[in-house]
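There are 2 protein chains.
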Amino acid sequence: MHDPSNDEELVRSAAALIISRRIAIIGTVPEKPKPHHEPEEPRAAESGPEAERDLRLMRCALEAAALAAERGEVPVGAVVAKDGEILATAHNERETLKDPTAHAELLALRRAARELGSWRLTGCTLYATLEPCPMCAGALHAARISRLVYAAQDPKAGASGTLYNLPADPRLNHTYPYKSGVLRDESAALLRAFFEQRRGRQ
Amino acid sequence: MHDPSNDEELVRSAAALIISRRIAIIGTVPEKPKPHHEPEEPRAAESGPEAERDLRLMRCALEAAALAAERGEVPVGAVVAKDGEILATAHNERETLKDPTAHAELLALRRAARELGSWRLTGCTLYATLEPCPMCAGALHAARISRLVYAAQDPKAGASGTLYNLPADPRLNHTYPYKSGVLRDESAALLRAFFEQRRGRQ
Numbered sequence: 001m002h003d004p005s006n007d008e009e010l011v012r013s014a015a016a017l018i019i020s021r022r023i024a025i026i027g028t029v030p031e032k033p034k035p036h037h038e039p040e041e042p043r044a045a046e047s048g049p050e051a052e053r054d055l056r057l058m059r060c061a062l063e064a065a066a067l068a069a070e071r072g073e074v075p076v077g078a079v080v081a082k083d084g085e086i087l088a089t090a091h092n093e094r095e096t097l098k099d100p101t102a103h104a105e106l107l108a109l110r111r112a113a114r115e116l117g118s119w120r121l122t123g124c125t126l127y128a129t130l131e132p133c134p135m136c137a138g139a140l141h142a143a144r145i146s147r148l149v150y151a152a153q154d155p156k157a158g159a160s161g162t163l164y165n166l167p168a169d170p171r172l173n174h175t176y177p178y179k180s181g182v183l184r185d186e187s188a189a190l191l192r193a194f195f196e197q198r199r200g201r202q
Numbered sequence: 001m002h003d004p005s006n007d008e009e010l011v012r013s014a015a016a017l018i019i020s021r022r023i024a025i026i027g028t029v030p031e032k033p034k035p036h037h038e039p040e041e042p043r044a045a046e047s048g049p050e051a052e053r054d055l056r057l058m059r060c061a062l063e064a065a066a067l068a069a070e071r072g073e074v075p076v077g078a079v080v081a082k083d084g085e086i087l088a089t090a091h092n093e094r095e096t097l098k099d100p101t102a103h104a105e106l107l108a109l110r111r112a113a114r115e116l117g118s119w120r121l122t123g124c125t126l127y128a129t130l131e132p133c134p135m136c137a138g139a140l141h142a143a144r145i146s147r148l149v150y151a152a153q154d155p156k157a158g159a160s161g162t163l164y165n166l167p168a169d170p171r172l173n174h175t176y177p178y179k180s181g182v183l184r185d186e187s188a189a190l191l192r193a194f195f196e197q198r199r200g201r202q
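First to last, the sequence lines map onto chains A and B. Here my numbering is used: position 130 in the first sequence is 130, and no number is missing along the way. Here my numbering is used: position 49 in the second sequence is 49, and no number is missing along the way.
Keep in mind that the hints were calculated from the coordinates and are not lab data. Be a bit skeptical, because a hint or two may be false.
Since the list gives no way to pick out one identical chain from another, each pair is judged satisfied if it fits inside one copy or across any two copies.
To be verified - Each computed DMTMM-like pair below joins lysine to aspartate or glutamate, with the alpha-carbon atoms no more than 20 Å apart:
no., residue 1, residue 2
1, Lys-156, Glu-63
2, Lys-98, Glu-115
3, Lys-179, Glu-115
4, Lys-82, Asp-99
It should be emphasised that the depicted structure is a prediction, and the values quoted were computed from it without experimental measurement.
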């Protein structure tokens, strides 16, 4: 006869086997409490000094995105700032640099790290005009970013709330809070105009 | 009285609203059929020309990883090859370059793109001694890589089968097959020795 308690036992020993195998490969990891980050709560009027700062810095990211469009690149821009001061600005340069990793966010992170002389961008905020993809959301973990603000969502590759929620994954060794929608319509309009023009040319 | 059909209606209209909002932001995406990739089936004896090639190229990635350890970097190495010929080799250089994105895989992809003069690495295979993290697995999508082979799994950040299965996600605009376990024990031993030595020093 089928005894369901045997199944449970089997699942438990399989899990134990998998865990012990992983420990054998990489070694044990010391447990440390990690903060759990959810998207920031939208505040009633979205006003106040932080909202104004976010708007000002997103405008800079949007200017970088507009520059990308002029150069025939998909218009995405990014800014890394610390205490409201800009450390680095970048726009997508995939075609210009012939580099698959030359997304605006990745370039901005690398430039900011060069500026600070450290790969740790603790205390920094990244502003991006489009929701970061898995590569860029992962790079934000790698850089130990403190906060992400983005404009438009990306239903095709967004990894910061849309297809994945990488910023808030408590299994990774770092998490970061994020806010979306700042200058969303302006960023979306820039992208739409770029793709419409490109389709028109083809 | 509570009518569950109202709930269904509500969910359906909410979904329609979200979809129409996303279309408004980014525009519609033409549907195209995409191949669905699962991990490659391990073959009975893991022999034959492809297995031998994988072993030879993973040995090169492992040599790069050993070089990283000598330089005080977490020992991870990567190779990009096309038709069995090496296009680029890299090891983790995060500390040396003070660059949060300087993982072995990302550096190897960028070098291979420079070598080919194109961001598209179609036809190329990436060999990595550790399972790619979200950033690196995402970069493989961005580079349109054709195949991934890795040695050891990464229970802490692996995004190629462990925490996430990014290579096989059919929602992304590219998928790629992967194989794991090639020289797994050698790669794991190198990582273990590095961390043991570092702990000993502290």
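Hint by hint, here is what the structure shows:
Taking the shortest Cα distances, Lys-156 and Glu-63 never come within 20 Å of each other, neither inside one copy (23 Å) nor across copies (37 Å). For a Cα distance limit of 20 Å, the shortest separation of Lys-98 from Glu-115 across copies, 10 Å, qualifies, whereas the shortest one inside one copy, 24 Å, does not. With identical chains, the CA atoms of Lys-179 and Glu-115 are never at most 20 Å apart, being 25 Å at best within one copy and 38 Å at best between copies. Taking the closest pair of Cα atoms, Lys-82 and Asp-99 come within 20 Å of each other only across two copies (17 Å); inside a single copy the shortest separation is 27 Å, beyond that limit.
Checked against the numbered hints above, the structure breaks hints 1, 3 and satisfies the rest.
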